[in-house]
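**Student:** The chain contents come next:
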Amino acid sequence: MSFRLAAIATVALLFATASAQADWISPPYFAKDEQDGKLPPVAERIPEHPAVAEMPRQGQQGGELQTLLASARDMRQISYYSYARLVCYDRDYKLVPDILESFEDDKDKVFTLHLRKGMKWSDGQPFTTEDFRYYWEDVANNKDLSPSGPPKDLIVNGKPPKVEFLDETTVRYSWDEPNADFLPKLAGAAPLYIYRPSHYLRKFHAKYVNADKLAEAVKESGQPSWAALHNRRDNMGRNDNPKLPTLDPWVLRTKPPAQRFVFTRNPYYYRVDQSGHQLPYIDQLIVNVAASQLIPTKTGAGETDLQARYLRFDNYTFLKVGEKHGTYWVRLWDDGRGSNLALFPNLNTSDEVWRRLMRDVRFRRALSLGIDRHEINQAIYFGLGNEGANTVIPASPLFKPEYRNAWANFDPVLANRLLDQIGLNQRDESGIRLLPDGRPAVIIIDIAGDSTEETDVLELIKDTWHSIGIDLYPKPSQIEVMRNRIFSGDAQMSLSYGIDNGFPSADMSPQDFTPTTQQQYQWPKWGQYLETGGEDGQKVDLPEAVQLQDLMGQWRRAGDSDARARIWGQILAIWADQVYTIGTVAGIPQPVVVSRHLQNVPERGMWAFDPGAAFGVYKPDTFWLDQPGPLSPVADNK
Amino acid sequence: MLRYLVQRLFVMIPTLLVISFLVFAIIQAPPGDFLESMIAEQQSRGENVNTEKIEFLRHTYGLDQPFYLQYLHWMFGTWDGLQHQNGGLIFGDLGYSFEHNMPVTDVIGDALSLTVIISLASVLFVWIISFPIAVYSATHQYGLGDYIFTFLGYIGLATPSFLLALVLLYFANVQFGTSIGGLLDPQYIDQPWSLGKLASLMEHMWIPVLVIGLPGTAGMIRRLRANLLDELNKQYVVTGRAKGLPPFRLLVKYPLRISLNPFIADIGSLLPELISGSVVVSVVMSLPITGPILLQALRSQDMYLAGSFLMFMAGLTVLGIFVSDLALAMLDPRIRFGAGGSR
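Residue numbers (the UniProt record's numbering), protein chains in the order written: chain A, 1 to 638; chain B, 1 to 343.
With the rest of the complex left out, here is chain A:
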């Protein structure tokens, strides 16, 4: 007992939350199982030093939360909402230990991770460094399971880390060069999982099971090989295998495929509130599957307790009407994208004349100056958006107004002068400029034809571009087709979502702003070149872009946050001046529908994927119901 008190004292000290609680409080949900001896008492279920959650208002345990998703594959969203990570972002987007009790970071080269002693998986088995060892030695470095070796996020300058398992609760990853991206990757919405439930996955691993027995299991599962079977069972974060133990607050209980997925609380969860209640507050999570286009309607009819996914700003008025029925509140959260929609001139397009133009910074600037963002904002977004370039938004500590304003005001006179300077002086009878080879300057813009928002925006841009002598036509196609056209260089320009993380801090990777992957629609072939180590694609050959690439390298090697902030500043300045992508309007609010009984959901928040993990950064294990209803029965799939 004195030992437990000591533990509490340490926790209280660690988190400076004076807790006079004598004991941990188990949720009533498990009362029967504890009585029957199916579950050990709560003090034995949680780690010696559980994580103590801070929150606006402490709540009560119990009840059931319903939400809607569009398919069984969407269940990975629940792992984002759960947001149990080794380290995680807090509400100020600072990295803090979460599953880890603490970590030490020596110049971004040596990371020592300390696990919580006595922590357990959702099936009650201990969570120790053995789980890290299993991942590193038997998964990441197993030829059959990882043919291309450990994930590239763990490789620095072509070299894997040295991984040591110091004792039951201490792991050390060390590199010769800094790997500044390591912790952010661990804290990602879809994180780098560097541990596995080894006790469960061993059963499917050739190293641990005798060959005949494994062959039989492989045959029975219909998989082509043991590696495929292991891979199938090991889908951490995907929530498609109810038997896979987890550390998340809620554990999947339904075997897919299904129309309704039930998650029940994890009896071994590692977090408690300030007065010692084991979290999560909510006992069960019910996810009903509905077609994505029906989700706004169902939400309006009050069929969900917490919903943002598949709701769009244009559903807002409809949802407001439903709010009058009194079952939910509609809140508007900020959107974290750098620009809701942005134009991506393809610097690697195959057409030589167009390629030369797209690579001319004056041309890109002229196109940007030829867009009346205010008109778009007023006509399509009710004036609620934030007009400007596709770059960081004011929520970012790196933000400067000049980044957003660079070449982003509507100035047809200057735009015309720039275009004249390039030498596009000839015009045809309708006033459209002629390219050097005599074709009219008509830009075909590839879009993924799902909603009318894209075509509406392009319609407005088309009008103002006419005044600078440029015409455009949208080309809608399936998103796969569009992407292939961009990658191959068939597309001259595309319209798509802007920078995903518009509010980075200096410690987050500037990868979206420098050539890094093929998925960047403005320079797909440069990205591909860097991704494949020079095997495919084209070498980066514009001086400013080369500079960006160098800066990215410098950022990775930089030793501290100040140096990183300086590098970020240089990157953002080049990005703003070079107009590699043409932003329109950012900050289109995201409607979030919250049941009137659900507490602790912020009035106003940031809706973003990474960092943020959707609701994850607000820690839904602290959300609670003021009138918990009856629980749905759970079919036992065990």
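If you're looking for bench data, these hints aren't it; they were derived computationally from the structure.
Worth double-checking, as some hints may not be accurate.
Here are the simulated SDA-like pairs of lysine to any residue, each with C-alpha atoms no more than 25 Å apart in a straight line [claimed, not checked]: (1) A:K143 - B:G62; (2) A:K400 - A:D577; (3) A:K203 - B:D106; (4) A:K219 - B:T105; (5) A:K203 - B:T60; (6) A:K320 - B:Y170; (7) A:K143 - B:I54; (8) A:K203 - B:N101; (9) A:K143 - A:T129; (10) A:K255 - B:D64; (11) A:K185 - B:I54; (12) A:K255 - B:D106; (13) A:K143 - A:N235; (14) A:K320 - B:F171; (15) A:K213 - B:N101; (16) A:K475 - B:E36; (17) A:K152 - B:D64; (18) A:K255 - B:Y170; (19) A:K475 - A:D351; (20) A:K324 - B:F171; (21) A:K185 - A:N235; (22) A:K185 - A:Q519; (23) A:K152 - A:D234.
Derived, one-sided and incomplete: chain B residues facing chain A with beta-carbon distance under 8 Å [claimed, not checked]: (24) E55; (25) T60; (26) E99; (27) I180; (28) G182; (29) P186.
Cβ coordinates follow ideal geometry from the N, Cα and C atoms, glycine included.
Keeping the supplied structure of chain A fixed, place chain B upon it in accordance with the hints.
**Tutor:** Below, chain B alone, put in the same frame as chain A:
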């Protein structure tokens, strides 16, 4: 007759092989493969993609192989010399669904029972409604009732079913508080059958049954009415009437029987429809039946799932036509004797 049967059965084999090749070719025709569409989907939502895992999957499931190899593998499975190892559609293995990450059989199995319930209910609905109306319309041709039913029938044919579905969904939600979409109130999903669950199913089912059945009802009324009218004007009916047969008995015993042919001929198209459901309506209404699964499989290029599905339907169509031919031959002596006479 037996020879005819065997012949018909044998023709089915090459037909199905040709269909299987076409199906596979068409599914594979759009650029890219399932993994690419998965990458695209994840990226459109701002998620990063684990390229190592994608490569692993592509290799493990043979998506990097040429088209004909993939086809042969799907159709005939893998062989070690002359020793069949595993897989192959002809051995009853439907393959693996990438999207759902499980064997195709498991994916379809669950949705199948509800699909059959819905489809059977719509077929019964069509028959029960259209049969008496058609008989009434034919016997009272150009009467007021005939005009009213004809008018309603045309509306039924002309209204786009997805629109009707949306209107009825909204109406049912506002008036009766029925949950939108699906076939059950959420609390009954995946629960064992009970009276409450049955009631919930009934509460939801009338909309899809009505929407799916309406165009069929209208069509059936028109066809049956036309057939019956043809027969009613024939001489044997006049003779029968002149000989003093009671009108109802006369109607049921002779012309009605012959005009039943469209009901029977429908069986051919009925069997595959039972499985496929009505895709558009079921997508709009988010019904947990096979239609939306098929559509999604086609969109995401989940080729074994889509392919097996289409093959299954092709098989049922061929079988259905065979069965309806047999039934027609048995029911209608003209067809029977006609077939025999030409042989």
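**Student:** The structure should be examined with respect to each hint, and the outcome stated for every one.
**Tutor:** Going down the list of hints, with the structure as the test:
Annotation: proposed proximity of K143 of chain A to G62 of chain B holds, straight-line Cα distance about 18 Å (limit 25 Å). Restraint check: the Cα-Cα separation between K400 of chain A and D577 of chain A comes to about 13 Å, which is no more than 25 Å; the hinted pair holds. Simply put, K203 of chain A and D106 of chain B have alpha-carbon atoms about 23 Å apart, close enough for the 25 Å limit, and the pair holds. Under the criterion of a C-alpha separation no larger than 25 Å, the hint pairing K219 of chain A with T105 of chain B is consistent with the structure, at around 15 Å.
Under the criterion of a C-alpha separation no larger than 25 Å, the hint pairing K203 of chain A with T60 of chain B is consistent with the structure, at around 20 Å. With a C-alpha separation of about 17 Å, the suggested pair K320 of chain A and Y170 of chain B falls inside the 25 Å cut-off, and the hint holds. Our distance criterion of 25 Å between C-alpha atoms is met by K143 of chain A and I54 of chain B, whose separation comes to about 16 Å. At most 25 Å may separate the alpha-carbon atoms for a hinted pair to count; K203 of chain A and N101 of chain B meet this at roughly 19 Å.
Straight-line distance between C-alpha atoms of K143 of chain A and T129 of chain A comes to about 22 Å, which keeps the hinted pair within the 25 Å bound. Between the alpha carbons of K255 of chain A and D64 of chain B the distance comes to roughly 30 Å, so the proposed pair goes past 25 Å and is violated. Among the hinted pairs, K185 of chain A with I54 of chain B is consistent with the structure: their alpha-carbon atoms are about 19 Å apart, no more than 25 Å. A C-alpha spacing of about 11 Å is found between K255 of chain A and D106 of chain B, which places the hinted pair at or below 25 Å, so the restraint holds.
A threshold of 25 Å between alpha carbons decides the hint, and for K143 of chain A with N235 of chain A the separation of about 18 Å falls inside it, so the pair holds. At most 25 Å may separate the alpha-carbon atoms for a hinted pair to count; K320 of chain A and F171 of chain B meet this at roughly 19 Å. Of the pairs offered as hints, the one joining K213 of chain A and N101 of chain B holds, with about 23 Å between alpha carbons and a cut-off of 25 Å not exceeded. A C-alpha spacing of about 20 Å is found between K475 of chain A and E36 of chain B, which places the hinted pair at or below 25 Å, so the restraint holds.
With a C-alpha separation of about 22 Å, the suggested pair K152 of chain A and D64 of chain B falls inside the 25 Å cut-off, and the hint holds. Between K255 of chain A and Y170 of chain B the alpha-carbon distance is near 32 Å, which puts this suggested pair outside the 25 Å criterion. Pair hint K475 of chain A plus D351 of chain A holds up; C-alpha atoms about 17 Å apart against a cutoff of 25 Å. Of the supplied pair hints, the one linking K324 of chain A and F171 of chain B holds, its CA atoms being roughly 18 Å apart against a limit of 25 Å.
With a CA separation close to 17 Å, the supplied pair K185 of chain A and N235 of chain A stays within the 25 Å bound. For the given pair, K185 of chain A sits about 18 Å from Q519 of chain A by alpha-carbon distance, which is consistent with the 25 Å threshold. Distance hint between K152 of chain A and D234 of chain A is fulfilled; the C-alpha atoms sit about 19 Å from each other, no more than 25 Å. Contact between E55 of chain B and chain A, as hinted, is supported at the beta carbon level, the nearest pair being about 6 Å apart and thus within 8 Å.
A least Cβ separation of about 5 Å between T60 of chain B and chain A falls short of the 8 Å threshold, and the interface hint therefore holds. The closest approach between the C-beta of E99 of chain B and any C-beta of chain A is roughly 7 Å, which is under the 8 Å cut-off, so the hint is satisfied. The interface hint given for I180 of chain B is met, as the beta carbon of that residue sits about 5 Å from the closest beta carbon of chain A, less than 8 Å. Because the smallest distance between the Cβ of G182 of chain B and any Cβ of chain A comes to about 7 Å, under 8 Å, the interface hint for this residue holds.
Interface hint status for P186 of chain B: upheld, as the beta-carbon distance to the closest one in chain A is roughly 5 Å, under 8 Å.
Checked against the numbered hints given earlier, this structure breaks hints 10, 18; the rest are met.
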